[in-house]
Amino acid sequence: MIHVENVSKSFTLHNQGAAVIPVMQSASLSVQPGECVALVGESGAGKSTLMRMIYGNYLAAAGRLMVGDVDVAQAQPREILQLRKHTLGYVSQFLRVVPRVPTLDVVAEPLLTTGTPLDQAHAQAEILLARLNIPKRLWSLSPTTFSGGEQQRVNIARGFAYPYPALLLDEPTASLDPTNRATVLDMIQEAKARGAAIIGIFHDAAARDVICDRSLDVTEFTPKAAA
Amino acid sequence: MTPLLQVSDVSKFYGHRIGCKDVSFNLYPGEVMGIVGESGSGKSTLLNCLAGHLTPDTGAVQFDTRTDGLRDTVTMSEPERRMLSRTDWAFVHQHACDGLRMNVSAGGNVGERLMAVNARHYGDIRDKATDWLGRVEISADRIDDRPTAFSGGMQQRLQIARNLVTGPRLVFMDEPTGGLDVSVQARLLDLLRGLVREMNLSAIIVTHDLAVVRLLADRLMVMKDGHVVETGLTDQVLDDPQHAYTQLLVSSVLQV
Numbered sequence: 015m016i017h018v019e020n021v022s023k024s025f026t027l028h029n030q031g032a033a034v035i036p037v038m039q040s041a042s043l044s045v046q047p048g049e050c051v052a053l054v055g056e057s058g059a060g061k062s063t064l065m066r067m068i069y070g071n072y073l074a075a076a077g078r079l080m081v082g083d084v085d086v087a088q089a090q091p092r093e094i095l096q097l098r099k100h101t102l103g104y105v106s107q108f109l110r111v112v113p114r115v116p117t118l119d120v121v122a123e124p125l126l127t128t129g130t131p132l133d134q135a136h137a138q139a140e141i142l143l144a145r146l147n148i149p150k151r152l153w154s155l156s157p158t159t160f161s162g163g164e165q166q167r168v169n170i171a172r173g174f175a176y177p178y179p180a181l182l183l184d185e186p187t188a189s190l191d192p193t194n195r196a197t198v199l200d201m202i203q204e205a206k207a208r209g210a211a212i213i214g215i216f217h218d219a220a221a222r223d224v225i226c227d228r229s230l231d232v233t234e235f236t237p238k239a240a241a
Numbered sequence: 340m341t342p343l344l345q346v347s348d349v350s351k352f353y354g355h356r357i358g359c360k361d362v363s364f365n366l367y368p369g370e371v372m373g374i375v376g377e378s379g380s381g382k383s384t385l386l387n388c389l390a391g392h393l394t395p396d397t398g399a400v401q402f403d404t405r406t407d408g409l410r411d412t413v414t415m416s417e418p419e420r421r422m423l424s425r426t427d428w429a430f431v432h433q434h435a436c437d438g439l440r441m442n443v444s445a446g447g448n449v450g451e452r453l454m455a456v457n458a459r460h461y462g463d464i465r466d467k468a469t470d471w472l473g474r475v476e477i478s479a480d481r482i483d484d485r486p487t488a489f490s491g492g493m494q495q496r497l498q499i500a501r502n503l504v505t506g507p508r509l510v511f512m513d514e515p516t517g518g519l520d521v522s523v524q525a526r527l528l529d530l531l532r533g534l535v536r537e538m539n540l541s542a543i544i545v546t547h548d549l550a551v552v553r554l555l556a557d558r559l560m561v562m563k564d565g566h567v568v569e570t571g572l573t574d575q576v577l578d579d580p581q582h583a584y585t586q587l588l589v590s591s592v593l594q595v
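If you're matching them up, the sequences are chains Y and X in order.
When the letters of the first sequence are read in order and numbered with the working numbering, they come out as residues 15 to 241.
When the letters of the second sequence are read in order and numbered with the working numbering, they come out as residues 340 to 595.
Chain Y extracted, bound-state conformation (with noise of 0.2 Å):
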């Protein structure tokens, strides 16, 4: 479902005396649907940066970054778009939404943007908060409010809103309690039973271990001048 060929990454810092930092060189690698794999490495080594460059966030210098048949390294926005609306789920460290938007809407918003209707697109969002115990009280309010761990967990509802076939997902478990911790374990077991393919980094070791079938150390691809 998601393969990375020979793909590298340099950011070049115009202002600051165009220094150019090499950051990652041929990487490659491979996920096959109801396969979820690890990029593991210490921080700075990638991890995030390679994972932005196959949502398109990050574009690559080189390479081919194939999600289902779309080039992500040579798309046009309109095709990374709609990519990201049908096929590649991305659940980030941070939130970041509309203000003052209940967060029964943020989570339903995946679910509307694909044409689904307002009545089960709700119904959807209500049953993953419950799931995730966001208390039902919070439902109405905007999630900017929220606790660090509430956050994450509004988050990760959005992210498991739509079946998407490909998911990527940033330290999931980082700030949870052990019970909501399982519960999102969980999760990631069904997406991965449905047929996902997914890629996640994980700095909690034993998550890793019981949902990633194999880890991927990317400082393999960490520039040798850098390094």
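Just so you know, the hints here were simulated from the structure itself, not pulled from any lab data.
The beta-carbon is built from N, C-alpha and C at its ideal position, and this holds for glycine as well.
Just to be clear, a hint being listed does not mean it is correct.
To be verified - Straight-line alpha carbon distances no greater than 35 Å define the calculated DSBU-like cross-link-like pairs of lysine-lysine that follow: (1) Y:LYS238 / Y:LYS150; (2) X:LYS360 / X:LYS563; (3) X:LYS467 / Y:LYS99; (4) Y:LYS150 / Y:LYS206; (5) X:LYS563 / Y:LYS99; (6) X:LYS360 / Y:LYS99; (7) Y:LYS150 / Y:LYS99.
Said to hold, decoys possible - The following label-pair restraints were derived from C-beta to C-beta distances: (8) X:MET340 / Y:ARG208: 27 to 33 Å; (9) Y:SER154 / X:LEU593: 42 to 48 Å; (10) X:MET340 / Y:ALA188: 38 to 44 Å; (11) Y:HIS28 / X:ARG459: 57 to 63 Å; (12) Y:ALA188 / X:ASP483: 51 to 57 Å; (13) X:ASP483 / Y:GLN30: 57 to 63 Å.
Assemble chain X onto chain Y, guided by the hints.
Relative to chain Y, chain X alone:
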């Protein structure tokens, strides 16, 4: 898929000064594109060229009309262009007073657009106006008040209702949230997002507020000195800017 708007090599000069130069892009149905850049970078000049308010010196602006497919709006006749601006286009001005009739009631402001496309039944017009005031969260008992009696945020929402009541396909917005206080901005952004989704609207939004484009626009175009210096997915341009000017712009935003 046919683009809704196909812009090729549009340039506009003010004497020997550049307004905007060699701008080309395609906009597809349902897409929202943001145009950012500092004051004087040519954002509004470009928007006005696209919306038919200014005639570009070179280039073509092809719009996918309902009957004849792609037509160049620069070379079409004035009546045809005016018809498009009543049926298919909407223009939301930065200052609501430029887009509203300040001495006509709120209901009249909305109804006028309907009458321009041949609505004649008073009851229907009033019902539709009431419905749209509700959608932009203006209570029905204010329908007979003039915009002069409204707050800035209400005026902006009324302007949006007036523009969208005829079901346009393309909306041009010039700093739609400029000059509004932040609490009103958030509500307006949420309203616009909902309308874009429900009506499958395409929109071109000129702003210098990067937070607004991040939440509203799918794609982004960065302008400097009349030239387009960078284009791409909104989050990609903001998170991984390639051009020196974009990097400066993004790194200059103040954090709250």
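- Would the pair LYS238 (chain Y) and LYS150 (chain Y) pass a check requiring their Cα atoms to be no farther apart than 35 Å? Between LYS238 (chain Y) and LYS150 (chain Y) the Cα gap is close to 51 Å, so the pair fails against 35 Å, i.e. violated.
- Message: Taking the Cβ atom of SER154 (chain Y) and the Cβ atom of LEU593 (chain X), is their distance within the range 42 to 48 Å?
- Response: violated (31 Å)
- Status of the given 57 to 63 Å range, CB of ARG459 (chain X) versus CB of HIS28 (chain Y): holds (59 Å)
- Measure nothing beyond the straight line between the CA atoms of LYS563 (chain X) and LYS99 (chain Y); if it is 35 Å or shorter, mark the hint as holding. holds (31 Å)
- Item | Range hint compliance [Cβ, ALA188 (chain Y) to ASP483 (chain X), 51 to 57 Å] | holds (55 Å)
- 35 Å Cα cutoff - pair LYS150 (chain Y), LYS206 (chain Y): holds (28 Å)
- Message: The hint says 57 to 63 Å between ASP483 (chain X) and GLN30 (chain Y); measuring C-beta to C-beta, is that right?
- Response: holds (59 Å)
- Query: LYS360 (chain X) and LYS563 (chain X): Cα distance at most 35 Å?
  - Reply: Roughly 10 Å between the alpha carbons, so the hint for LYS360 (chain X) and LYS563 (chain X) holds.
- Would you check the hint for LYS360 (chain X) and LYS99 (chain Y), treating anything up to 35 Å between C-alpha atoms as holding? holds (34 Å)
- Message: Just to be careful, I want the Cα atoms of LYS150 (chain Y) and LYS99 (chain Y) compared with a cutoff of 35 Å; is the pair within it?
- Response: Holds, at about 27 Å.
- Within 38 to 44 Å or not, the Cβ separation of MET340 (chain X) and ALA188 (chain Y)? About 40 Å separates the Cβ atoms of MET340 (chain X) and ALA188 (chain Y), which means 38 to 44 Å holds.
- Item | Cβ separation of MET340 (chain X) and ARG208 (chain Y), checked against the hinted range 27 to 33 Å | Hint holds: Cβ distance 30 Å, inside 27 to 33 Å.
The earlier numbered hints that this structure contradicts are 1, 9.
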